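Enquirer: The listed protein sequences correspond, in order, to chains R and A. Using the working numbering, you'd call the opening residue of the first sequence number 156 and step up by one each time. Using the working numbering, you'd call the opening residue of the second sequence number 4 and step up by one each time.
Some hints could be false.
27 Å max Cα-Cα, derived DSSO-like pairs, lysine-lysine [stated by the list, open to error]:
#	chain 1	residue 1	chain 2	residue 2
1	R	Lys-263	R	Lys-212
2	R	Lys-160	R	Lys-180
3	A	Lys-290	R	Lys-218
4	R	Lys-169	R	Lys-180
5	A	Lys-29	R	Lys-212
6	A	Lys-29	R	Lys-159
7	R	Lys-169	R	Lys-219
8	A	Lys-30	R	Lys-160
9	R	Lys-159	R	Lys-218
10	A	Lys-26	R	Lys-219
11	R	Lys-169	A	Lys-29
12	R	Lys-263	A	Lys-29
13	R	Lys-219	A	Lys-30
14	A	Lys-26	R	Lys-218
15	R	Lys-169	R	Lys-159
16	A	Lys-290	R	Lys-180
17	A	Lys-29	R	Lys-219
18	R	Lys-212	A	Lys-290
Hints in this document: simulated from the structure, not taken from any laboratory. Values in this document were obtained by computation on a predicted structure and should not be read as measured data.
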Amino acid sequence: METKKLAQGAAPRKLSDYLTRARDKAPAHAGHGAGGAQSVRNDHYRGHEIEIVTTYKILVDGKKVRAPLGVDASGQVHCHSLPNYQTASAVDMVRALIDGFPEEFERKPAPSKSRPPASHKRRPAPARKSKPAAKKGSKHEH
Amino acid sequence: MAVVRSNISTNAGVRDQYIEGVKLLKKEASGRTTDEFGIPGAARSVSTYDLFVIWHVTAMMIETPPGNPAQRNAAHRGPIFAPWHRVMLMVFEQNLQRVLNDANFGLPYWDWAEDGDLPPQEQSSAAIWGANCMGGEGNPVASGPFAFHANDPSAFRVRISTNISGELRSVNRGLRRAFGVSTDALPRTAHVTNALALSPYDSPDWDADANTFRNRIEGWMNDDGVSATSMHNLVHVWIGGEMLLGSSPNDPVFFLNHCNIDRLWESWMSRNGRVYVPDMTAGADLKGHRIDDPIGSPLGRSATPRETLDVSAIYEYDALI
Numbered sequence: 156m157e158t159k160k161l162a163q164g165a166a167p168r169k170l171s172d173y174l175t176r177a178r179d180k181a182p183a184h185a186g187h188g189a190g191g192a193q194s195v196r197n198d199h200y201r202g203h204e205i206e207i208v209t210t211y212k213i214l215v216d217g218k219k220v221r222a223p224l225g226v227d228a229s230g231q232v233h234c235h236s237l238p239n240y241q242t243a244s245a246v247d248m249v250r251a252l253i254d255g256f257p258e259e260f261e262r263k264p265a266p267s268k269s270r271p272p273a274s275h276k277r278r279p280a281p282a283r284k285s286k287p288a289a290k291k292g293s294k295h296e297h
Numbered sequence: 004m005a006v007v008r009s010n011i012s013t014n015a016g017v018r019d020q021y022i023e024g025v026k027l028l029k030k031e032a033s034g035r036t037t038d039e040f041g042i043p044g045a046a047r048s049v050s051t052y053d054l055f056v057i058w059h060v061t062a063m064m065i066e067t068p069p070g071n072p073a074q075r076n077a078a079h080r081g082p083i084f085a086p087w088h089r090v091m092l093m094v095f096e097q098n099l100q101r102v103l104n105d106a107n108f109g110l111p112y113w114d115w116a117e118d119g120d121l122p123p124q125e126q127s128s129a130a131i132w133g134a135n136c137m138g139g140e141g142n143p144v145a146s147g148p149f150a151f152h153a154n155d156p157s158a159f160r161v162r163i164s165t166n167i168s169g170e171l172r173s174v175n176r177g178l179r180r181a182f183g184v185s186t187d188a189l190p191r192t193a194h195v196t197n198a199l200a201l202s203p204y205d206s207p208d209w210d211a212d213a214n215t216f217r218n219r220i221e222g223w224m225n226d227d228g229v230s231a232t233s234m235h236n237l238v239h240v241w242i243g244g245e246m247l248l249g250s251s252p253n254d255p256v257f258f259l260n261h262c263n264i265d266r267l268w269e270s271w272m273s274r275n276g277r278v279y280v281p282d283m284t285a286g287a288d289l290k291g292h293r294i295d296d297p298i299g300s301p302l303g304r305s306a307t308p309r310e311t312l313d314v315s316a317i318y319e320y321d322a323l324i
């Protein structure tokens with residue numbers, strides 16, 4: 156790589172120009188934002204064509220969660236909004252989403268005329284350790 | 004002349020320059036506003052530092068190709084992982100050199116495996132989390148140079164993040180970290196050694212199931228060939244908070260983690276030669292990951308994985324593995 160080309164391309168204006176152009180090329184996740192993704196897995200086995208379409212409907216506290224979960228060929232669950240995670244279980248991924256986006260799961264305080272007694276205060280949730288990922292090909296939950 | 008990249012835990016001068024440089028880039032207006040990047044809400048000025056946050060999120064949004072079952076994108080989950088981040092780091096380093104007015108500044112790395120060799124309960128006390136380095140954990144981070152002070156407009160603030168759908172949004176809050184909440188410990192030296200022993204850079208199916216150097220360092224598979232969060236991914240997950248999200252460059256530690264990953268790639272190439280796969284005979288389903296495909300960057304179409312294999316004129320590491 157040429158040093159001169161790097162220096163020119165690294166200017167903030169060049170980077171921001173590139174980003175405004177690149178934004179127009181990133182429509183792939185439009186469906187995700189609208190509320191859920193679809194994973195399509197294909198395989199061939201003994202002359203048969205296998206197609207597995209997976210969609211997730213996730214509710215937390217009764218509210219629909221618009222997270223783009225997908226599942227890869229080996230059954231590992233992945234979520235675009237938590238790009239460094241993979242889990243053997245969609246439940247684990249939703250737990251990770253609650254950790255990663257706490258403000259999106261905040262409970263609105265119920266309207267009340269009087270203050271609740273001090274003893275009704277919620278204790279902080281214990282720290283969660285993720286479960287180990289399952290071995291490839293092993294059973295997993297969705 | 005090539006600059007030298009060194010260990011942030013052992014080079015106090017570079018450490019202090021890095022912190023200063025990050026703060027300067029965070030304060031520098033890029034000349035663009037959030038609405039120009041499609042970020043909802045009132046238009047706000049975007050700093051040069053935050054352009055790197057937008058760049059990372061944008062790359063993740065570009066699936067290569069759209070709808071591919073491996074969920075490869077323009078920077079992750081495929082062979083392009085190492086070259087794309089190498090370009091990002093070089094562009095970041097150039098900007099640090101500019102604001103520091105020091106053409107000899109080299110981006111530091113965090114050798115997280117050294118800290119990973121400590122007992123898990125001691126890892127959050129490692130030197131990198133000291134008040135004179137990256138500071139500690141918290142929501143918001145309350146110590147170190149990137150601590151949040153609500154009444155101080157000059158304090159380090161996260162201004163662009165992502166929502167649960169992975170889309171960019173405006174925020175105004177402090178940095179978040181939660182060490183060891185989602186996983187117990189950092190990767191260890193043994194993990195690094197085992198990854199470097201793998202000879203193929205990558206191989207079919209070029210996905211998160213490939214038992215290859217790229218996939219191992221990216222962190223989709225552990226030493227037993229089992230799908231698991233490891234190496235680069237594990238560092239993100241162990242730090243938690245901001246580092247969990249697509250907008251993870253919000254945490255200045257992001258660049259230190261990736262600089263170490265880049266050092267591992269350079270170490271691998273010193274053993275195996277400056278080779279990269281797939282070549283251009285690979286099908287269109289690998290477009291964006293082949294050796295002469297353009298990397299999504301401001302450097303133009305001529306910046307390809309092939310162009311990133313030899314950067315000896317630009318930088319070198321003080322120590323390879």
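Enquirer: Look at each hint and say if it fits the structure.
Expert: To see whether the hints hold, each was checked on the structure:
{"no.": "1", "hint": "Lys-263/R / Lys-212/R", "result": "holds (23 Å)"}
{"no.": "2", "hint": "Lys-160/R / Lys-180/R", "result": "holds (24 Å)"}
{"no.": "3", "hint": "Lys-290/A / Lys-218/R", "result": "violated (38 Å)"}
{"no.": "4", "hint": "Lys-169/R / Lys-180/R", "result": "holds (17 Å)"}
{"no.": "5", "hint": "Lys-29/A / Lys-212/R", "result": "violated (39 Å)"}
{"no.": "6", "hint": "Lys-29/A / Lys-159/R", "result": "holds (25 Å)"}
{"no.": "7", "hint": "Lys-169/R / Lys-219/R", "result": "violated (40 Å)"}
{"no.": "8", "hint": "Lys-30/A / Lys-160/R", "result": "holds (26 Å)"}
{"no.": "9", "hint": "Lys-159/R / Lys-218/R", "result": "violated (53 Å)"}
{"no.": "10", "hint": "Lys-26/A / Lys-219/R", "result": "violated (39 Å)"}
{"no.": "11", "hint": "Lys-169/R / Lys-29/A", "result": "holds (17 Å)"}
{"no.": "12", "hint": "Lys-263/R / Lys-29/A", "result": "violated (33 Å)"}
{"no.": "13", "hint": "Lys-219/R / Lys-30/A", "result": "violated (38 Å)"}
{"no.": "14", "hint": "Lys-26/A / Lys-218/R", "result": "violated (39 Å)"}
{"no.": "15", "hint": "Lys-169/R / Lys-159/R", "result": "holds (14 Å)"}
{"no.": "16", "hint": "Lys-290/A / Lys-180/R", "result": "holds (14 Å)"}
{"no.": "17", "hint": "Lys-29/A / Lys-219/R", "result": "violated (36 Å)"}
{"no.": "18", "hint": "Lys-212/R / Lys-290/A", "result": "violated (31 Å)"}
Violated hints, listed in ascending order, are 3, 5, 7, 9, 10, 12, 13, 14, 17 and 18; each of the other numbered hints is respected by the structure.
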